[in-house]
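Could you build all of it, start to finish, from the sequences and the hints given here?
Chain by chain, the residues run as shown.
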Amino acid sequence: DVKVTQSSRYLVKRTGEKVFLECVQDMDHENMFWYRQDPGLGLRLIYFSYDVKMKEKGDIPEGYSVSREKKERFSLILESASTNQTSMYLCASSPLGGRVNQPQHFGDGTRLSIL
Amino acid sequence: SQQGEEDPQALSIQEGENATMNCSYKTSINNLQWYRQNSGRGLVHLILIRSNEREKHSGRLRVTLDTSKKSSSLLITASRAADTASYFCATGRAQKLVFGQGTRLTINP
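Chains as they are written, first to last, in our numbering: chain A, 2 to 116; chain B, 29 to 137.
Just so you know, these hints were derived from the structure itself, not from any lab.
One or more hints might be untrue.
[Claimed, not checked] Now the in silico label distances, taken between C-beta atoms and shown as ranges:
(1) Arg69/B / Arg74/A: 38 to 46 angstroms
(2) Asn66/B / Leu42/A: 13 to 21 angstroms
(3) Gly98/A / Gly68/B: 24 to 32 angstroms
(4) Asp29/A / Ala106/B: 47 to 55 angstroms
(5) Leu12/A / Lys84/B: 22 to 30 angstroms
(6) Gln42/B / Lys71/A: 46 to 54 angstroms
(7) Ser56/B / Leu42/A: 23 to 31 angstroms
(8) Glu18/A / Glu83/B: 48 to 56 angstroms
(9) Glu18/A / Asn50/B: 37 to 45 angstroms
(10) Arg78/B / Tyr11/A: 36 to 44 angstroms
All C-beta atoms, glycine included, are put in the ideal place defined by N, C-alpha and C.
So, in structure tokens, the structure goes:
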């Protein structure tokens, strides 16, 4: 079974801090994704990576950056945390697909609170 | 931008009844996927239906796709308490998926 592991289930940080969220997958998937999930807004894609050192902005990249130095690890960085970044953050991975998208495998999420 | 829209937003039924959730989308698709999310957990992939398929089954799940109406439905038969969760449809966009806001399903004992 594919396992996607997010480093923390719960995290509390202060406004202005630089925050790192880590995600590791064990199935050699090419694609990795970071989403945030908010009530009433569903899942929104922050960033997407289709290969090591390759990244693509999603729908809401402002205030975030990502790093993918190794295939199995995809990090989300909040450069200067703000209270409106309090949210549930979900990491996912999938193999490369052709015309048909491959199913995504999700971690259990990090509930981040910015005080 | 929102692609899939689920309906209803919330559904509460008795154990043993069938649950039907609907998803509508705006643009043409190659495939549509359904996911389940238990409270406080990540999403779990349930089923994928390709644009040239009309119906697909997996255990107690039945998914239909009507590309002319740009809609899909997920039917869960003989519901159980463990089916209580949120259900999301997702449509493909290049290598990415766009998720709807989900249907919250509650199964009452």
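Please name the hints from earlier in the document that this structure breaks, with their numbers sorted from lowest to highest.
1, 4, 5
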